[in-house]
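6 protein chains.
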Amino acid sequence: MSGAEEGDRVAEFTAFRKRMNERILAHDNQVVRRFFALDTQTYRDGALDVKTKELLGLVASLVLRCDDCVSYHVAECRAAGVTRDEMFEAFSVGLVVGGSIVIPHLRRAVDFLDRLEGGTGVDAPPHTHG
Amino acid sequence: MSGAEEGDRVAEFTAFRKRMNERILAHDNQVVRRFFALDTQTYRDGALDVKTKELLGLVASLVLRCDDCVSYHVAECRAAGVTRDEMFEAFSVGLVVGGSIVIPHLRRAVDFLDRLEGGTGVDAPPHTHG
Amino acid sequence: MSGAEEGDRVAEFTAFRKRMNERILAHDNQVVRRFFALDTQTYRDGALDVKTKELLGLVASLVLRCDDCVSYHVAECRAAGVTRDEMFEAFSVGLVVGGSIVIPHLRRAVDFLDRLEGGTGVDAPPHTHG
Amino acid sequence: MSGAEEGDRVAEFTAFRKRMNERILAHDNQVVRRFFALDTQTYRDGALDVKTKELLGLVASLVLRCDDCVSYHVAECRAAGVTRDEMFEAFSVGLVVGGSIVIPHLRRAVDFLDRLEGGTGVDAPPHTHG
Amino acid sequence: MSGAEEGDRVAEFTAFRKRMNERILAHDNQVVRRFFALDTQTYRDGALDVKTKELLGLVASLVLRCDDCVSYHVAECRAAGVTRDEMFEAFSVGLVVGGSIVIPHLRRAVDFLDRLEGGTGVDAPPHTHG
Amino acid sequence: MSGAEEGDRVAEFTAFRKRMNERILAHDNQVVRRFFALDTQTYRDGALDVKTKELLGLVASLVLRCDDCVSYHVAECRAAGVTRDEMFEAFSVGLVVGGSIVIPHLRRAVDFLDRLEGGTGVDAPPHTHG
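Line by line, the protein sequences are chains A, B, C, D, E and F.
Each residue of the first sequence is one higher than the one before, counting from 0 in numbering that gives the first Met the number 0.
Each residue of the second sequence is one higher than the one before, counting from 0 in numbering that gives the first Met the number 0.
Each residue of the third sequence is one higher than the one before, counting from 0 in numbering that gives the first Met the number 0.
Each residue of the fourth sequence is one higher than the one before, counting from 0 in numbering that gives the first Met the number 0.
Each residue of the fifth sequence is one higher than the one before, counting from 0 in numbering that gives the first Met the number 0.
Each residue of the sixth sequence is one higher than the one before, counting from 0 in numbering that gives the first Met the number 0.
Here chain A stands alone, though its shape is the one from the complex (with noise of 0.2 Å):
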């Protein structure tokens, strides 16, 4: 497959997240508002760092196996100066603590890290919501 077509696959899954965030928050209901505005704040600077956060966030997400939330904190993680050497070793905490069953997520992850990372300039997102 070509670095366009891998980075197409990015763009789509970033595109569909875009679209459908502003669907949400396009409908009057302001529990669901707030929780996104919270999920924000969440990853801020704080007592921990953000790269200590997104860590934290990757993890859950994939003892979770959430495959698009996984992909997001890649994304996030990788902006945040994760190195590759240790997204491996959150992965393995993921693995660990989570099981074989985490096994077909962490493929998924390899893979959009691979993607990611195969030079066709896909930036991370912004933080809008896992």
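Heads up, the list lumps identical chains together, so a pair's fine if it works in one copy or across two of them.
Straight-line alpha carbon distances no greater than 25 Å define the calculated SDA-like cross-link-like pairs of lysine to any residue that follow:
#, residue 1, residue 2
1, K50, Q29
2, K17, A79
3, K17, T39
4, K50, A78
By construction, these hints were calculated from the structure, which means they are not laboratory data.
Given the coordinates of chain A, assemble chains B, C, D, E and F onto it according to the supplied hints.
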């Protein structure tokens, strides 16, 4: 995407569910068959009305993060007269109970609801197992 | 066991929840505090009434198999006027969606409901976080 | 702890399960009653024998991390002739599939098995819903 | 859909799994590598035979609702001589323990089994991680 | 409750874990033993430091809602120098990702942390399996 294409995706989902339910029930396994019958019975009008029961099924599916089950109950809720405002309040309960890990499923739920409401004339399917 | 002892167990549960909520909210963490406020807001009367929302919270808690959350929503449902027949229909949805793994939690839910109805004069607690 | 006390803990577990199953089935809810009947039917001798089915129930309970269900199936497996070596191999599958999060439940499973084998003369309970 | 196309979907699944396992193991992370080795070791003949262990892996995957893991163990079970009747009895345990939320995964499991049996000559893959 | 009694509860938890780990490892099952060894290895200093890895283990345990695992990692985090502010930020990630269903476990986590900090001189246990 055109309304016709959107309708196709809902139709494809419905067709696969119908075909595989038939395949499953064709096998002579009494426990499986009884479970399917019990599942249908669960959502019948009783002390709680159908609308309330479908909302219960929707939120249970959302916090357990099963896209097919969510789509199914979104369609059933709509057929039972649940308004978009009520649907979003049910979503908000699922989101707060289940956390941000629910968000990707919420996106797909709203996308499915949009397709259903997209003027493609797709009716909610008869109750045949989440 | 006497009614007084049964009341004690419900009271002990309520006291621990109240004490620890205060401990948690005493810490200056804005995300945690906002989450607790949002949780309270979720079950307020809106497009869906309080009774329906508490039933949604009950079934969500049952399929996610959290005894404390189930006990809490059983008490809230009862305070909102949910009858025993309606409670059991909500239980039946949780049981069929969540499977036999839910049964031990159903036992404790019915045990808690029995204690609440045991004439010990325990009122449902004010809404302070599942 | 004496053997008598250990037997008491197994007996207490069995008594609560029995008492609450009766309370649940006393309520006139046909879906709940049918689910309980179906649960019993599931583990009957068929294409797979009782021993294999109980092992399946044990591992399913272990990865879903339900202590009561695990205890129940440990007792049933033992009654069906599962040896300690076979039990530990089933545990190993549950541990590797489910991850380290299973370990606390594995501890309680082995503790329960030790109590059962502790010469206190506790028999496995009749099959009445995990 | 023709048998050739059906074979293609099974082949595509196998190829992605194989390629990503190689990508994952290419990274020098000893915990991840050891976990993969341990996963393979888990299903080897021992006190329980391979057929029983694969059935345990299948039901664990079903109640944890991981389609890739289910597909993998369906193929392994078939290679170990599990009949369709036995497979459905294992499915029935997973369905009753895990509830109706398992149904969409059951549909895909039966669909995958149908493809495997579709005369396309696809062999079960060697044991390389769920 | 006196500080001595609080220390007793932490000590009781530690003693049961230690005793059962020994019982489990006493059985000659190589997969189980290797899993326990791998679990210990996972949290060793590497590309990520021990403190970060323990925080990852804590949040993973919190979203998977395992009280024993949470208690264990709270003690380990504290031994690795995690401050109360940092602990609460990790809690906030777990709470937002995992939802209100996490709250009862958060209560017990904070209760456990309070006991640890209660001047009873309880040291964090050596790393022997969450």
